[in-house]
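Peer 1: Assemble the whole structure, with the sequences as input and the hints as a guide.
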Amino acid sequence: MDWAAVLGIAAVLVIMVRYEWPQLKPQMKREKTAYAVLTAVGGALALLLVFYPEMPGPTQGLDALYKPLVKWMDHFIEKRSG
Amino acid sequence: MIEKGKISASQMGKMLYLAILPTAILTTPAITFKFAKQDLWISPIWALCGLIVIFVSLRLHRMYPGLNIVQACERIVGRFPGKIIGFIFPLFYLYFNGIIVREYSEFVVGAFLIRTPLIVVSGSIVLVCAIAARGGVEIVGRFSELILPAFITLFLLIVVPIIPDLQVTNMLPIMPEGIRPSIEGAIVLQTWFSEFLTASFLLPFVADQKKSQKSVYISLLAVILTLIVSNLVTLLLLGELTGNYTYPFLTVARYINLADFFTHLESLFMAIWVLGAFVKICVFFYVTVLGAAQWMNLSDYRPIVFPLGLLLILFSMWVAPNFQELTHAIATSVTLAIITLFVIIPGLLFCIAWVKRRLWIKS
Amino acid sequence: MGTTKRKSVLVLVTLSIHALLLAGCWDRTELNDLAIITAAGLDLTEDHQLELSVKIYLTSPSSSSQQMGGTSGPDKGAAGLSVVRSAVGLNMADAASRLQQLLSRRMFWGQDEVFVFGERLAKEGLAEPMEFLTRHYAPRERANVFVSKGAAKDVLLLNPPIERSVADMLREMSKSQTGLNVKMKELAQMMAGRAKAAVVPLVEIESEQENPTSFPLIRGTAVLKNGKMVGSVNDRATRGIMWLRNEIKEGTLTISPNNTKGYVSIQLLRAHTELIPHIQGDEWSITVRINARDDIVENTTDLDLSNPKHIKKLETELGYDMKQRTDMALAKAQKELNADIFRFADAFYRKYPKKWNENKDRWDDIFPKVKVKLEANPKISRPGLTGKNLFKPNQR
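Note that the protein sequences, when read in sequence, are chains A, B and C. No gaps in the numbering here: position 3 of the first sequence is 3 in the working numbering, and each next residue is one more. No gaps in the numbering here: position 299 of the second sequence is 299 in the working numbering, and each next residue is one more. No gaps in the numbering here: position 66 of the third sequence is 66 in the working numbering, and each next residue is one more.
Be a bit skeptical, because a hint or two may be false.
[What the hints assert, rightly or not] Simulated restraints on C-beta separations:
#1 A:Gly61 / C:Asp365: 50 to 60 Å
#2 B:Ile163 / C:Lys360: 23 to 33 Å
#3 B:Ile174 / C:Ser104: 48 to 58 Å
Hints listed in this document are in silico derivations from the structure and should not be mistaken for laboratory results. Note that beta-carbon positions come from the ideal geometry of N, C-alpha and C, so glycine has one too.
Peer 2: If you want it as structure tokens, here you go:
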């Protein structure tokens, strides 16, 4: 199952690159780098999510960032709906 | 400038309306009801964040014409802090759009296409939105112009036939505990009103600048009015049960029965939802792509549309492991984050810009 | 050249993928793959398990190919067959999944407009099945709910002659508003509301079991308190309940005026009930103001009904009759069952939100003592086409 997902991701990446790359003109160095980096990040994230779906995400990051306030709001919501 | 397209002021207003309303209609009544109870319909009036955000974007655009908030930021606080904010904004738009894509697909899968995998639903909407965003701001603007009449017709097709089933007593007593509960209920709504900051990214492309101010405020007013109507209808039909349903407005659509043959209208709601979510995701995705391209100093934003689309799909998977955590996050940390980023930071930027300008005039 | 060709191939591939998805064949279901449920019944078995019975409308594969998912229109060709299947489970969801095992087609709840709860189950409590019915996406909020005297399954097994199926019959009968018409949403609202009391129409089976013409009948009302059935109210008092709940829409009242022989029948055109609560010190009272407009449809008395004086008198009599009915309902609800089925709690909350919040825990003590004052204002607008009875007393 996991490997099927990996194959799927690979297929998507190949289609994307095959479609876009020829349209980038040789002098567009910056664009080429940006494209490559973003696609690589996407592919890596996709693989990570396939193998570690429980990996902490950006929401957990925000939760940690606003921890005291979130606690207070939780308390508040519970009080109201209880 | 990397975007050559132009939109009209009214197109911008329509884009903003459709970019804010659809998800607000669907998910907010249940959360708002927990706080506001039968004053649910009053809550949308407290659109404070919307007013602040619109004021700031309009003023900043007047001070720095042709620049959006991220570009203006570099002028106000300097290159390095500007770059940091310029990085955070597209990233947050990407993350927040991920939440929207997730909400969209959770709803479609949860209420209609039970057996369809989530990724098929989110993947297809993102693909369509990416293609539209690749076409540029003009395309997105025309789409919203096209979709708005359909959206409003469908909305009325749900609201009008339900009128015979409404119980006016459900809204009584009005404000038994003063205005406090309705204001508490409006806290979650501020997330949606803050999204009006998106105006700052669209303002530079407006052809008839004089009308843009009016258009944005009309858009805000329309959002408030529509929310009042949808919340009121939900409340008058469901009463105490409003807080118990995940999608109260869907229940409203399901309940319609006109003359025994005009029934089972949830498909109408589905149409509203898909149309609205399409514009919403499109606009936010466009802002993400534009912001990212500007941050990286690209000459064109088109090449990075599809890689960012892939990231968007992944974010929609990544934002939360399940629906409950998603709604919890929306009600707490996401609200806080969006208020910080969309209201407090732009507000501070505006204050700094204003003071700087004052000092500059004096000297 | 190469790029354009490649591009068009790519576009074609994308388009064909879309064509596959757009056809909706992803989780395609044909009408003849579905077991369309028109009514569901819930009973409690001897060993306290839940028995779910469903009435399935069978669509024959050949006639259904053209008609997808429509709800309206008369059936073409032979009326479809209905069968009843049932299964026992620990709770609603369990029973439903066991029921699925008995069926070759997938259960489809979208057209289910009727839910019947057996009396035994209602006495045990409806909270559990209602939880499933409101949470699951398929059951309709607009479906009618009933409590059956005896087993709900027996009601489903009926095949009444007039309508297509027993579900249609029950639904049409409750729609005529001569009895209570309670939707699932309303039942949920009543059960979760302030009063914690609910009313559900009671279904009885008329005539013997084996008789092919036996049919279900809505007779009286089941009263629920905290989700459990605590008693039932007969037909006459049900009218009283409906008056008090402002649910009377049509009906015929027959009274026998004082000092005369015979009866006058009056048809109700419009009725409106208003609850006006009062709290004075520790005394909670409520004024019920009923305004009604009626037409006379039959007169077998000697009264000349074109005479305004007689009409006045009739109106007083009518008011008295209404009072009797509402008193019956009130006595039953207040004294016997202590169930606030008239939404008095809501009325008090709406007018005195603060007082209510202070006293909401004591509502069970307060409700039986609430003083009810009835102000009935029936107005007879037209005497019908004749004034005096045409026929002399010796002809009758």
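Peer 1: Now look at each hint and say whether the structure bears it out.
Peer 2: A quick look at each hint next to the structure:
1. Remark: the range hint 50 to 60 Å for glycine 61 (chain A) to aspartate 365 (chain C) is upheld by a beta-carbon distance near 53 Å.
2. Separated by about 31 Å at the C-beta atoms, isoleucine 163 (chain B) and lysine 360 (chain C) satisfy the suggested range of 23 to 33 Å.
3. For isoleucine 174 (chain B) and serine 104 (chain C), the Cβ-Cβ distance of about 55 Å falls inside the hinted range of 48 to 58 Å, so the restraint holds.
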